[in-house]
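Take these sequences, add in the hints, and give me the full structure.
Chains as they are written, first to last, in the numbering used here: chain F, 4 to 143; chain A, 12 to 497.
In short, the hints are calculated from the structure, not lab data.
Errors might be hidden in some of the hints.
To be verified - Keeping only pairs whose Cα atoms sit at most 30 Å apart, straight-line, the calculated DSSO-like set for lysine-lysine is: (1) A:K220 / F:K119; (2) F:K77 / F:K134; (3) A:K339 / F:K134; (4) A:K303 / A:K184; (5) F:K119 / A:K339; (6) F:K77 / A:K339; (7) A:K184 / F:K77.
What the hints assert, rightly or not - Beta-carbon label-pair distances, calculated as ranges: (8) F:E131 / A:I371: 31 to 37 Å; (9) A:A245 / F:L135: 47 to 53 Å; (10) F:T138 / A:P375: 25 to 31 Å; (11) F:E131 / A:V229: 47 to 53 Å; (12) F:D69 / A:I371: 54 to 60 Å; (13) A:S278 / F:K136: 46 to 52 Å; (14) F:N12 / A:A431: 28 to 34 Å; (15) F:N12 / A:E240: 24 to 30 Å; (16) F:T138 / A:S217: 32 to 38 Å; (17) F:L135 / A:V229: 41 to 47 Å; (18) F:G50 / A:A245: 29 to 35 Å; (19) F:D69 / A:T97: 56 to 62 Å; (20) A:A273 / F:S18: 46 to 52 Å; (21) F:K136 / A:D37: 56 to 62 Å.
Think of the CB as a built atom: it goes at the ideal place given N, C-alpha and C, for glycine as much as any other residue.
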Amino acid sequence: MAVRDDVVNTIAAFSLFADLTGPQLEEVAHLFDESFFGQGERILRQGVTGSGFYIILEGTAGIRVDNVDRSVLKAGDYFGEISCLLGEVPVSDIVAETPLRCLVLAATQLEGFLTKHPRIMYRLLQGEARKLKNTTKWLS
Amino acid sequence: MGSGPGGLQLSYSLSRLGIDHAVISDDPAPGGMFRRWPVFQRMLSWTKPFTGVERHERAYERFDWNSLLADEASNRAVMPALMDGTSYFPSRPEMQKGLETFATQTGIRVRHGTRWESTRQEGDDFVLTTSDGEYRAPVVVFAVGVAQPYRPPIPGLDQVPHYGDFRPVETYKDKRIFIVGKQNSGFEIATGLLPWARQLVLASPSPTKLSVNTHTLVGVRARYVQPYEDAALAGGVVILDTTIEEVKKDGAGYLVRTRNAAGEELSVPADDVIAATGFVTPLRDLPELGVKTFGQSRLPAQTPFWESSTLQGIFFAGTITQGAAGLKKHGIPSNSGAVQGYRYNARVLARHLAETKFGIPATPERLDAAALLPYLLEQVSRGPELWHQRAYLARVINLDRDSGITNEGIVPLQSFLDSAEGDAVAATLESNGQGNPYPVFYVRKDGSVAEHPLAPHPLLDFTGRDYQDELRARLEPVLSRAASPA
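So this is what it looks like as structure tokens:
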């Protein structure tokens, strides 16, 4: 059903979903909820339980640790997966730098979603590897 | 703008604060969407007549999801007295009667039959052009429901009736019915058609969720699960997780072409097709003025106090307030889409408007330090705002070194967490979708907030000794610094 055509078209260009067929993209668009955050609004809160896995559709967000800005996320980027995967609270704030439109999946649904879609899991793993590489580089 | 439960509750709450306002509504009488729907004429929200709590007490609101809120005992719990005892879900006419009774008893004045036509900004004011002339105000609150039928752009779907166009049930006798959509509205129709239809097919891309599994209002409610059981037992109802590619006329009926996630197509013949595909928010020209909307229901993006995120001075009440999602902890939404949730939002909004727009300061009540722990545990055990708006509305107590312990009332949790002023505690009730709800206390000290969830209780009573001891330990660091009350 083409209920969310604009979402399907947007996520079709994201590397996370690069291997999906049209109907699979529609299924993803229906499974995730859509959220909107005003400029300056916090999406994840350092130390607060119950957050989810977010994929940015439009806008940019800042990663803030102990009130210090660390990095910027843009459309196609995702966040919250580490606390979902580990079942722990986020270690940073994520703050909308512009009006921000996201897809969101509850932490409890992430495992089922990834195991049902191994190609998305592989792409996510690539993303995590990239983050680890950057962190290692930065530390050394 | 609007005379459904959201508009009525806000008008009542504004009047109690002495704020001059006008309520305008296109409808001929109070009630909003409950003047027409649900199509099978019974509510999904219950009112329990016998609870062990007196109906005029605040604690009764936890069991009565349908009455609007009043400060005076005589106007509380309007609904149970109107119900005929055949069900704890009021009939639609009983709900309508309840809303009309509340409006009459509390003296809410609505300019009915007044159609909102357009909106413009002039200086700091908004001007609404209506069939009753122009209205000018610095603040406009839209409580117009999520009530405009929506059909997704599927080829041919525009040719079939929407949920709102449902015909008298007997006209579906011995027919094959295809229902597009597997939310409550689709399952409501399917339930009503079980004794009439020859075959029922329900289809949408996502699998059906059930409220009894999600432990929330997310998912199909138990009242409408019968078609699901029929399908599970292969009784003839068919439930498909597919996209709808096309609805084509086929002789006197239709052919519905579907496709599943594996790409397999299936065409289903039907005598009738019904689009149970939801509703959108009828915001008219507000998006052109700068009100940003999002999601399938085109809800306006909102701040924690239900103001448009993108156009100051435009606020929302009623079911539209679900657009201010709050933290949505563990993926669980607030109950702002339903009367039992948004009636509290309206009261908080009235207080917020009084303070921020009309210069009427709050007068927080002082609390004795010895009374604080029992008070907080009583609120998480029986405070109806916390029960109905879990992890969304919080009871906030300021613990200030100079002014002492003060009760700041009910505040959106998000607002508490994101404002870093002074030592304070916020109490909420929360759920994680797995078991019983449990209390959570957020303690703010020196500008940073620590979250302290307490254990659930099998009888949902958090007033016992163990809870007192744990809460005392959690609050000790901030309580020892708060000034003694005068």
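Handout entry: Unsatisfied constraints (hint numbers, rising)
Key = The structure breaks hints 4, 7, 8, 10, 11, 12, 14, 15, 17, 18 and 20; every other hint is satisfied.
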